Amino acid sequence: MHSLDPLATSALISDTYRRYLRSLLPLREPRLAEALAHAIDTSPLLTKGPLLEATPAYAPGATLNELIGEGVLHPAFRQLTGSALPGDRPLYRHQEQALRKAVAGRNLVVATGTGSGKTESFLLPILNTLAAEHAHGTIGPGIRALLLYPMNALANDQMKRLRRLLAAAPHITFGRYTGDTKDDPRRAADTFEQLNPGEPRLPNELLSRREMRATPPHILLTNYAMLEYLLLRPLDMNLFEGGHAGGWRFIVVDEAHVYDGARGAELAMLLRRLKDRVGQGRDIQAIATSATVGAEENPAAVTAFAQALFDVPFHWDADDLAAQDLVTATRVGTPDGPHWGPLPPTEYLRLATAADPGPEIVTAARMHGLATTTPAAALAAEAGTAALRRALAEGPRPVRDIAHTVFPGDPVGPAAVTALIQLASQTTDTDGAPVLSARYHFFARATEGAFTCLDPAG
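Under the numbering used here, the residues of the sequence shown are numbered 11 to 468, in order.
Because the hints were derived from the structure by calculation, they are not lab data.
No experiment lies behind these values; they were computed from the predicted model shown.
A virtual CB, placed ideally from N, CA and C, is assigned to each residue, including glycine.
Warning: the hint list may mix true and false statements.
[Unchecked claim] Pair by pair, the computed Cβ-Cβ distance ranges are:
no., residue 1, residue 2, range
1, Arg88, Ala311, 33 to 41 angstroms
2, Thr382, Arg292, 25 to 33 angstroms
3, Arg88, Leu331, 49 to 57 angstroms
4, Thr457, Thr148, 55 to 63 angstroms
5, Ala114, Gly150, 35 to 43 angstroms
With the hints as extra help, turn the sequences into a complete structure.
See the structure below:
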């Protein structure tokens with residue numbers, strides 16, 4: 011198995027960055043030049059890392075097929091399942107919880123961290139509503155869900171996902187209306203081809219402002235600055251009023267935690283104006299995604315923030331799961347023992363480069379008295395893996411600090427840590443979950459100049 015070497019890569023980035031800084035600040039005086047070069051080479055403030063952070067697997071939940079069979083999802087939702095949305099693949103437990111709450115009509119905050127599938131938590135209920143409308147023959151043009159993003163880049167990423175999910179669902183339309191959206195359909199199509207070479211345009215993706223004004227898409231993506239313009243301009247009135255404006259069901263604010271202070275107050279007033287335009291006589295569900303910061307420590311504060319932002323009820327009752335409008339993630343637990351080994355640090359280095367280390371791991375575990383038949387179970391019970399897992403439980407730490415904890419005094423400790431991470435992340439159980447999932451971080455600090463004191467005494 012081969013992968014990127016985090017130690018070598020971090021060293022390369024650090025060295026290259028420091029060489030770049032030296033080239034920006036050429037000095038003619040030899041002593042000053044030498045002192046500056048030394049300061050750049052030795053400063054701990056310019057770069058930091060690699061740091062290692064454990065990312066335990068999320069607890070699994072029900073499959074989409076099971077939720078359809080249970081009646082949580084409409085039977086017509088089955089038409090949306092396929093390679094992009096497998097019906098037999100388990101959702102994460104928090105995705106299932108969010109889906110059940112949203113289908114029940116509750117307002118919701120999903121605070122589950124990066125890479126946890128927050129998007130599916132709000133997108134699946136929206137698609138379920140649209141699938142049901144299509145089955146009932148009531149899915150005419152008009153916005154059903156507004157997805158509000160703090161940055162266009164996030165909206166662009168979501169568009170790519172929607173193309174994959176809705177390629178086989180031409181009856182569900184979607185579009186992105188931002189400052190980059192062209193007014194003329196032909197110019198919009200040309201821009202799409204330039205940005206997505208070789209990718210066919212879907213008939214249900216509306217590319218231009220003119221198209222979206224004429225037949226508003228079911229799912230509209232924009233940012234809060236553009237929403238302000240849309241609410242003001244007579245040209246865009248058809249999005250909010252008239253024959254196509256009677257189907258609004260969802261308002262989703264992605265990364266809601268970035269709207270603090272004055273920006274949060276502006277968005278709160280903007281959402282109130284929006285609801286005054288489109289919410290007369292109907293309930294519009296509010297869904298927010300958020301960072302995990304503070305969600306578990308003070309859930310009531312998170313739901314109170316959401317309530318102030320949307321001006322709709324968000325509930326939190328610690329004693330009643332059904333009355334909790336905040337969904338957080340549940341991680342898979344780790345095995346407690348018994349453990350075998352540990353293997354020598356050099357053995358991790360060798361196994362990490364082996365084509366198929368699984369049989370060797372199982373054999374080594376059996377030689378130590380552990381009865382197991384799978385590489386994942388054997389490696390999870392290995393003492394070195396358990397020690398690494400405990401070290402990572404303290405939070406993100408520099409690789410060299412972790413090596414000092416797990417392999418004290420061993421010169422190959424840092425390399426053994428990265429080898430063990432590679433081995434554990436690529437060894438998976440029958441459900442495809444790795445023995446130990448982790449990610450590396452490396453930070454480089456920008457600098458706008460250099461300052462020094464010529465006299466050490468001040």
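Hint-by-hint comparison with the structure:
Hint check: arginine 88 to alanine 311, Cβ distance near 39 angstroms, so the stated range 33 to 41 angstroms holds. Taken as a hint, the range 25 to 33 angstroms is violated for the pair threonine 382 and arginine 292, whose Cβ atoms sit roughly 57 angstroms apart. At roughly 28 angstroms, the beta-carbon separation of arginine 88 and leucine 331 lies outside the given 49 to 57 angstroms, and the hint is violated. Evaluation of the 55 to 63 angstroms hint for threonine 457 and threonine 148 yields a pass: the beta carbon distance comes to about 59 angstroms.
About 26 angstroms separates the C-beta atoms of alanine 114 and glycine 150, a value inconsistent with the hinted range of 35 to 43 angstroms.
Consistency note: the structure conflicts with the earlier hints numbered 2, 3, 5.
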